[in-house]
Amino acid sequence: MTASAAPPTTALGAEPGFVVQLDAFAGPLDLLLHLLREEEIDIADIPIARIADQFLSVIHDLGLNQAADYLEMAGRLLRLKAQTLLPRRSEEEGWEDPRHELVRRLLEYQLIREIASWLDKSSERRAGQFARGYLPPPPELPPQPLAIDLLQLLQAVEKVISEISVPVLHRVVPRPLDVEGATKRIEALLEERGEIGWLDALGPERGIAHVLSTLLALLELAKRGTLHLFQRAAFAPMVISRDAPRPAA
Amino acid sequence: MTPLAQLLEAALFSAARPVTVEELQTLDQEASLADVRAALEQLREHYDFDGHAVEVVELAGGYQILTRRAFAAAIEQAQLSVRIPKLTGAALETLAVISYRQPVGRAEVEDIRGVSAGGVLRTLQERGLIEVVGRSEAMGRPLLYGTTSLFLETLGLRDLAELPQADEFTVALQPPRPPMAAEGEEDAAASVPAES
Chain P
1 MTASAAPPTT ALGAEPGFVV QLDAFAGPLD LLLHLLREEE IDIADIPIAR
51 IADQFLSVIH DLGLNQAADY LEMAGRLLRL KAQTLLPRRS EEEGWEDPRH
101 ELVRRLLEYQ LIREIASWLD KSSERRAGQF ARGYLPPPPE LPPQPLAIDL
151 LQLLQAVEKV ISEISVPVLH RVVPRPLDVE GATKRIEALL EERGEIGWLD
201 ALGPERGIAH VLSTLLALLE LAKRGTLHLF QRAAFAPMVI SRDAPRPAA
Chain Z
1 MTPLAQLLEA ALFSAARPVT VEELQTLDQE ASLADVRAAL EQLREHYDFD
51 GHAVEVVELA GGYQILTRRA FAAAIEQAQL SVRIPKLTGA ALETLAVISY
101 RQPVGRAEVE DIRGVSAGGV LRTLQERGLI EVVGRSEAMG RPLLYGTTSL
151 FLETLGLRDL AELPQADEFT VALQPPRPPM AAEGEEDAAA SVPAES
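Listed in order, the protein sequences are those of chains P and Z. So that you can map any letter, position 82 of the first sequence is 82 in my numbering, and since no number is skipped, the others follow by simple counting. So that you can map any letter, position 98 of the second sequence is 98 in my numbering, and since no number is skipped, the others follow by simple counting.
Rather than coming from a laboratory, the hints here were simulated on the basis of the structure. Ideal Cβ positions, reconstructed from N, Cα and C, are used throughout, including at glycine. None of the hints are false.
Pairwise CB distance ranges, derived in the manner of DEER restraints:
| # | chain 1 | residue 1 | chain 2 | residue 2 | range |
| --- | --- | --- | --- | --- | --- |
| 1 | Z | Thr88 | P | Ser165 | 55 to 63 Å |
| 2 | Z | Glu23 | P | Glu39 | 54 to 62 Å |
| 3 | Z | Glu55 | P | Glu72 | 44 to 52 Å |
| 4 | P | Ala156 | Z | Leu27 | 27 to 35 Å |
| 5 | P | Arg37 | Z | Val82 | 34 to 42 Å |
| 6 | P | Pro47 | Z | Glu162 | 34 to 42 Å |
Chain P extracted, bound-state conformation (with noise of 0.2 Å):
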């Protein structure tokens, strides 16, 4: 409660005035109680037409999102209002006082309130007694130390190294081929010879290059006709010869 310097918020002239900051409530029943509190109000006697004008203009300024867990209250207490000045045969059987539902809500939420500043007080206790150091809690607990042996390390990291597959790398390098130069050995070879092997034709040397120059001279001249290949029977040695193969070999 401030002093009243500014305009109060009333609702009806003859009242007094409440200027109330709402943010020091924790909800429309804590304002309630408040309410109560200041008007010496017995909680089971509540006047409630009084009250509910009284809240309604607490939240008239408020804004629609601060207001909005107030406005449910607000109507509820309305509507209370609106029972209890309805007039009422008291001899009627069944009536129920309206403002029942509301007067337990209030006892309850006092109740929890001093439930809330028992458990404040409990620690603030607790808050005067100081654990060794401070250590945030760990988020997760670090995973167990290894247990093993030198042999079952090794066994691991060779098992790790076998899985690791070899990267297959190619360098291309040119390389001279000599078709002529092989095309002229075979040509005086089978000058000597009318009929060689294919290892007759490499010769000596036995280099990727040299194979693949031969090959191809071979190629070559077989295209031309200067020689022939061919096999003797299925998986039989290449026979490079002069002449054509005779048939029926």
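Chain Z: place on chain P using the hints.
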């Protein structure tokens, strides 16, 4: 002090949280739970009678070595240790509802406090003071919340039974809501005097 009491002192000193009797028992295979309790009592007496600045406190179902309250101001002033952050009013009210009504859903918390509780429930969960303990059978199967052992630790409670009983308060705790019709009839009889 006995070797067991010394062992427990070392364990409690090194732990960053309350340690249960069962956990302490695992330190010495030959010690029974009763032995551990007796040794704890010996350690407590040792601290009390020899004028130590720390004490053995029973907390959240376990034991912890804490400084005595007399030194709170000095420790805080010297900024040697961090004080447990204070709980807001909304947080305390929500904890009050949950600690007495658990397991309890968000709707009931909101109903009792009269305000929406999503934000404060999330905050309390993040601080580890409450946790989801299950789901209600009600429509939508809403989450049910309960307090954690950190809640007990933060409030300096041994267990939930240490919470004050409802009749210790000036307002009697209302029984959980009976069905609306029954409540109405009972109340009509109670609140309207017969002769009126």
